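J.: Sequence:
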Amino acid sequence: MRTLLVVDAANVVGSVPDGWWRDRRGAAERLRDSLVGYAADGIPGHPGPLDVVLVVEGAARGVDSVPGVSVRSAPGSGDDLIVEVAAAAEDRACVVVTADRELRRRVGESGAVCVGPRTVRP
Numbered sequence: 003m004r005t006l007l008v009v010d011a012a013n014v015v016g017s018v019p020d021g022w023w024r025d026r027r028g029a030a031e032r033l034r035d036s037l038v039g040y041a042a043d044g045i046p047g048h049p050g051p052l053d054v055v056l057v058v059e060g061a062a063r064g065v066d067s068v069p070g071v072s073v074r075s076a077p078g079s080g081d082d083l084i085v086e087v088a089a090a091a092e093d094r095a096c097v098v099v100t101a102d103r104e105l106r107r108r109v110g111e112s113g114a115v116c117v118g119p120r121t122v123r124p
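Each residue of the sequence shown is one higher than the one before, starting from 3 at the first, in this note's numbering.
Take the hints with a grain of salt, since some may be wrong.
[As the list claims (entries may be wrong)] With beta-carbon atoms standing in for the labels, derived distance ranges:
1. P19 to E92: 14 to 24 Å
2. R94 to P46: 11 to 21 Å
3. D93 to G21: 34 to 44 Å
For the record, the hints were derived by calculation from the structure and aren't laboratory data.
Bear in mind that the values here come from a model prediction, so they are computed numbers and not experimental data.
We treat Cβ as the ideally placed atom computed from N, Cα and C, and that holds for glycine.
All chains, please: the whole structure from these sequences, using the hints.
T.: What follows is the structure, encoded as structure tokens:
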């Protein structure tokens, strides 16, 4: 089974002060597009191909999926949806990309491994 890579869009986008706050949806779309390569090639310790889920919230809702990256719009808290997606991974490896300590604790309860935003940022 492929490893599931779940990306906390708000946390990863917010980790680089590049003006993302002026266009949250555009920033999420740029992140989504950059994840396509990781879907094919993998990340350190988790060779590709990976199943990639990008979780967006707030002003970034409505970003479309692309081949290789499934985008899920959180109806409320992005963290809650990330926890739900990680818990549904069941018997396969799940890696969550976030620096949020509380989210790391929550997804760790379901067995997910966490890595920081730099894992998927240049």
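J.: Work down the list of hints and note, for each, if the structure agrees.
T.: Verification of the supplied hints:
| no. | hint | verdict |
| --- | --- | --- |
| 1 | P19 to E92: 14 to 24 Å | 37 Å, violated |
| 2 | R94 to P46: 11 to 21 Å | 18 Å, holds |
| 3 | D93 to G21: 34 to 44 Å | 41 Å, holds |
Hint 1 alone, counting from the list given before, is not met by this structure.
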